[in-house]
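Protein chains: 2
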Amino acid sequence: MDQDVAVSDLSKDRLRAWLRILKVTRMIEAELRERMRTSWDMTLPRFDVMAALSRVSEGMKMSDLSGVLRVSNGNVTGIVDRLVTDGLVERRAVEGDRRANRVVLTPEGRVLFDEMAAVHERWVDELLSPIGAQGLETLRTRLGRIIDRLEETNG
Amino acid sequence: MDQDVAVSDLSKDRLRAWLRILKVTRMIEAELRERMRTSWDMTLPRFDVMAALSRVSEGMKMSDLSGVLRVSNGNVTGIVDRLVTDGLVERRAVEGDRRANRVVLTPEGRVLFDEMAAVHERWVDELLSPIGAQGLETLRTRLGRIIDRLEETNG
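Residue numbers (the numbering used here), protein chains in the order written: chain A, 1 to 155; chain B, 1001 to 1155.
It is worth saying that the hints were derived from the structure and are not from the lab. Don't take each hint at face value.
Here chain B is said to cover these stretches of chain A; the calculated rule only asks that three of the stretch's residues, wherever they fall, bring their Cβ under 8 Å from a Cβ of chain B [said to hold, decoys possible]:
(1) 9-22
(2) 123-130
(3) 143-149
Computed Cβ-Cβ distance ranges for the label pairs, DEER-style [what the hints assert, rightly or not]:
(4) A:Glu121 with B:Asn1154: 16 to 24 Å
(5) A:Arg33 with B:Gly1087: 33 to 41 Å
(6) B:Gly1078 with A:Asp114: 38 to 46 Å
(7) B:Ala1133 with A:Glu29: 27 to 35 Å
(8) B:Asp1081 with A:Asp81: 28 to 36 Å
(9) B:Arg1026 with A:Ser8: 49 to 57 Å
(10) A:Arg145 with B:Gly1087: 39 to 47 Å
(11) A:Asp41 with B:Gly1078: 27 to 35 Å
(12) A:Glu29 with B:Glu1115: 24 to 32 Å
C-beta: ideal position from N, C-alpha, C; glycine also.
Just chain A, same shape as in the assembly (with noise of 0.2 Å):
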């Protein structure tokens, strides 16, 4: 009986971790989308095409970029022809195959994206500034357990 009470305290910690680490994410995204929209007309969808196309010199296809967005049903066309438009990235033919485009940075994008990068950094560090050095090993660790049996069950 007593343990059936531990168990069950257990498991209601659980769901109250749960939807604290909900509360954080949601917190930060919609400050950091409010922040990015207010200095640079920018937003996460957009940013997060960015960040991807900054990671691989020679772009990535269409197909290949709908992955790196938190929405899974997000519109890529829409978000790279609003990138296209602004000038910050640039669809190219891939040699050999008439129907397949590469989406890659401008220079404009890379210099727009480093300087974005800099400061999405900088309030990063200020939003978890409460969490020092030691806590963000612990949480870093606690939090790659569960995604690593995550994607053992799910690989």
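Based on these hints, arrange chain B on the given structure of chain A.
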């Protein structure tokens, strides 16, 4: 110089911690979404609306319900319509205000929600099982500090 390096490392650690929080949130949400879909043909927005309604016996106005959704531009009307069709909630006129409606759980909705909530708690318990009682406590405290600070800043 040494201090600059240390500060910069901490900032990178916070960015990595944030990306990990984001990843855990997305993975757990995806897992819960998939399990809800296969178990009850239920979506997270509909579950969230039912959860909000389960906490208030007198129901909620449509305008208050939009605040409980994870996605800010979520279509509350569509979600409630579907729940009405499934017989899980109903719209009740508000006495003295002909244009206002309150949305309340039906008895069937209450029974299903109680079942789903219990199973949902078990799933979260399982997904977060790599974290023990002590880890949950420090996780909640640390995330709580971030939330408090954000609420202070924005309040």
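The hints, checked one at a time:
1. Here the region 9-22 of chain A counts 12 residues with a CB under 8 Å from a CB of chain B, which clears the bar of 3, and the coverage holds.
2. Remark: the region 123-130 of chain A is confirmed as covered by chain B, as 6 of its residues place a Cβ nearer than 8 Å to a Cβ of that chain, reaching the required three.
3. Counting residues of the region 143-149 of chain A whose CB falls under 8 Å from any CB of chain B gives 7; the rule of at least 3 is met.
4. The hinted window of 16 to 24 Å between Glu121 of chain A and Asn1154 of chain B holds, with their beta carbons roughly 21 Å apart.
5. One distance hint, 33 to 41 Å for the beta-carbon pair Arg33 of chain A and Gly1087 of chain B, holds here, with the actual separation near 37 Å.
6. Between Gly1078 of chain B and Asp114 of chain A the beta carbon distance is about 41 Å. The supplied range of 38 to 46 Å therefore holds.
7. Roughly 29 Å separates the CB atoms of Ala1133 of chain B and Glu29 of chain A, a value that falls within the hinted 27 to 35 Å.
8. Between Asp1081 of chain B and Asp81 of chain A the beta carbon distance is about 32 Å. The supplied range of 28 to 36 Å therefore holds.
9. Checked against the hint of 49 to 57 Å, the pair Arg1026 of chain B and Ser8 of chain A fails, with Cβ atoms roughly 28 Å apart.
10. Checking the proposed 39 to 47 Å range against Arg145 of chain A and Gly1087 of chain B shows it holds: the Cβ atoms sit about 41 Å from each other.
11. For Asp41 of chain A and Gly1078 of chain B, the hinted distance range of 27 to 35 Å is satisfied, since their beta carbons lie about 29 Å from each other.
12. Separated by about 31 Å at the C-beta atoms, Glu29 of chain A and Glu1115 of chain B satisfy the suggested range of 24 to 32 Å.
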